[in-house]
Amino acid sequence: MTDAFGWGDAPAAAASAAVQVFPDVDAFVRGFLAPVYRREVSPRGESRWDPEWWRHPEAVARLEALHLAWEALRLEGATGMSVWWRDHADYHLAVLMGPTGPFARTSATTESGEPLPCAPRPEPDPTGAAS
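So that you can map any letter, position 2 of the sequence shown is 2 in full-length UniProt numbering, and since no number is skipped, the others follow by simple counting.
Because the hints were derived from the structure by calculation, they are not lab data.
In this text, a Cβ means the ideal position worked out from N, Cα and C, and glycines have one as well.
Accuracy of the hints is not assured; some may be wrong.
Said to hold, decoys possible - What follows is a set of in silico ranges between Cβ atoms, one per label pair, in the way DEER data are often shown:
(1) Ala27 to Thr79: 24 to 32 Å
(2) Leu75 to Arg38: 24 to 32 Å
(3) Gly80 to Arg38: 19 to 27 Å
(4) Ala72 to Val95: 16 to 24 Å
(5) Gly31 to Glu58: 20 to 28 Å
(6) Ala27 to Val95: 20 to 28 Å
(7) Asp87 to Pro57: 20 to 28 Å
(8) Asp24 to Ser107: 23 to 31 Å
(9) Gly80 to Pro43: 33 to 41 Å
Go ahead and model the full structure; you've got the sequences and the hints to work with.
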């Protein structure tokens with residue numbers, strides 16, 4: 001059953017989450033995106049990246065969207081991943097890594113062919129206190 005916005009009910013959403021390859025965006029970035037999307041990055045180059053990508057709200061939102069799209073499109077058969085690369089990854093990563101994107105002022109560098117660097121994401125404080 002779907003609501004007025006076309007979203008499935010909670011059991012359907014829970015079932016689809018159970019078949020995910022990556023349980024969250026952090027696992028997706030570390031386990032797939034960073035090792036596969038290899039670009040030369042530098043503060044003055046065409047591509048920028050922040051190893052602490054999770055500090056940028058826009059980056060988190062776009063990377064979460066990429067993760068969810070990847071999880072859905074990987075199940076689409078022969079062209080699903082091509083659609084993901086063309087319509088999702090290429091677009092969002094160009095925005096994120098471009099000279100005016102959220103990583104524009106970062107100083108990370110990699111050589112061509114190296115995985116994107118990722119710093120450990122801090123665990124949330126269980127008390128909810130800000131650090």
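Hints versus structure:
1. Ala27 to Thr79: 24 to 32 Å: Since Ala27 and Thr79 have Cβ atoms about 25 Å apart, the given range 24 to 32 Å holds.
2. Leu75 to Arg38: 24 to 32 Å: holds, 25 Å
3. Gly80 to Arg38: 19 to 27 Å: holds, 22 Å
4. Ala72 to Val95: 16 to 24 Å: 20 Å Cβ-Cβ, so the 16 to 24 Å window holds.
5. Gly31 to Glu58: 20 to 28 Å: The hint (20 to 28 Å, Cβ to Cβ) holds, given that Gly31 and Glu58 are roughly 22 Å apart.
6. Ala27 to Val95: 20 to 28 Å: Hint holds: Cβ distance 22 Å, inside 20 to 28 Å.
7. Asp87 to Pro57: 20 to 28 Å: Cβ of Asp87 to Cβ of Pro57: about 23 Å, so the range 20 to 28 Å holds.
8. Asp24 to Ser107: 23 to 31 Å: 27 Å Cβ-Cβ, so the 23 to 31 Å window holds.
9. Gly80 to Pro43: 33 to 41 Å: At 35 Å between Cβs, range holds.
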